[in-house]
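What follows is the residue order along each chain.
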Amino acid sequence: MSEKTLSEITYRIRRFNPERDSTPHWEEYRIPYSAGMTVLDGLWRIKETHAPDLAWRSSCRMGVCGSCGMLVNGKARLACNTQVTELGGGTVVVAPLPNFDIVRDLVPELAPMFDTHRALMPYVIRDDAQEQEHPTGEFWQSAHELEQYLQFSYCIKCGCCMAACPTYATDALYSGPMPLGQAHRYNSDTRDGGFSARKRVLAGEAGPWRCHYAGECSRVCPKGVDPAKAIQLMKRELVLDYLRLHKEHCPAPVAKKPTEGKRRDNIPEAPPPTV
Amino acid sequence: MMRDQKLWTWHLAAGVVILFLLGMHMTVMHLNVTVPLKGLNPAGGHPIDWANVVARGKSAFFMVTYVVLLGAALFHGLYGFRNILFELNPASWLKKAVSMVLLLCGLALFVYGTWAAIAGFSLAKAM
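Those sequence lines, one after another, are chains A and B.
For the first sequence, our numbering assigns the number 1 to the initial residue and increments by one for each residue that follows.
For the second sequence, our numbering assigns the number 1001 to the initial residue and increments by one for each residue that follows.
Simulated from the structure, these hints should not be mistaken for lab results.
Keep in mind it's a predicted model, so treat the numbers as computed, not measured.
Heads up, a few of these hints could be off.
Below, in silico cross-link-like pairs of lysine-lysine (DSS-like), each with a Cα-Cα straight-line distance of 30 angstroms or less [to be verified]:
{"hint": "1", "chain 1": "A", "residue 1": "Lys47", "chain 2": "A", "residue 2": "Lys75"}
{"hint": "2", "chain 1": "B", "residue 1": "Lys1006", "chain 2": "A", "residue 2": "Lys247"}
{"hint": "3", "chain 1": "B", "residue 1": "Lys1006", "chain 2": "B", "residue 2": "Lys1095"}
{"hint": "4", "chain 1": "A", "residue 1": "Lys223", "chain 2": "A", "residue 2": "Lys157"}
{"hint": "5", "chain 1": "B", "residue 1": "Lys1006", "chain 2": "A", "residue 2": "Lys229"}
{"hint": "6", "chain 1": "A", "residue 1": "Lys257", "chain 2": "A", "residue 2": "Lys247"}
In isolation and in its complexed conformation, chain A is listed as follows:
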């Protein structure tokens, strides 16, 4: 529907207050439409004018923090990143992300997801703790090596992939696309040497084996990350590791400072630093 013909918009919101309700229920609100309105803007409008007790999570309003993941018209999306007009007109149906317990209204309980995320050690693991604590320079990494994990590092942990995953919906053992994707992000980072440590969790029954490759996680990701690909790549790495064909990369060394390298003759000398 075009912005010109839209004057009012109806929101159908799934409400649940654990102190008052035994089960979730739906409520409808009509609010005026304004140009450029996002689903999140509409929620703020409803809170201001109709339902001051409506609860959800949001922060940055620009698709960066990953707080406002919710089910909008049947698809897990970021409310701040979804224009009302792109939903095709009609009613905007908003519910909390599925596959999570509901804290209240549109607030899902994300703690289990982050517990699993933490268990998979989503950080750079290296032996040289001294260098990490007191860095003397940057770790060396080529542009090609950066490409191996770059897209997976765009994940904002909004939980949309977990909400869309049919395996996570039914299989309590499955770690889910976000934690597994992030484990792969660090496993494929040449600055990291933590593959063996993460393998203790990944090689077990909570690992990537339970993924059926439905691909829904990649379809809904608001940042364009492809967690399904990360999981398949991780399966390949673990199989190669079992066959002893996995190349354990040494964590990247500290790169030489520009002043320590040998300058080519055809490159002019850098001007002296001004600070």
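Following the hints, complete the assembly by docking chain B onto the known chain A.
Showing chain B alone in chain A's frame:
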């Protein structure tokens, strides 16, 4: 904890073996006109003609492939079935019981099938 990594790798390997051996089965039994391999149907005619069945039965190569295909198919199928059952979130004791039952079923079927393949080979040899 590493068990699933091992089982998954064998699951994949069994899949590759099945793919290859079923391809061979298709070639021998169904594509004999398109891909005529004289050695596999030595008597000519239809692959299930008695003379061809006996000829293949006398072959140690076929006996070994039957046993390998049986083992690969049993492992691949039963491991997949186990995964499906585990997605129903059974209790820990039930998981162990399911694994044990499937393992015993698989072993029993493998032993029975291997015996049948060897017995068939011996019978054909005696003809």
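Check each numbered hint from earlier against the structure, then list the numbers of those it violates in ascending order. Of the numbered hints, all hold.
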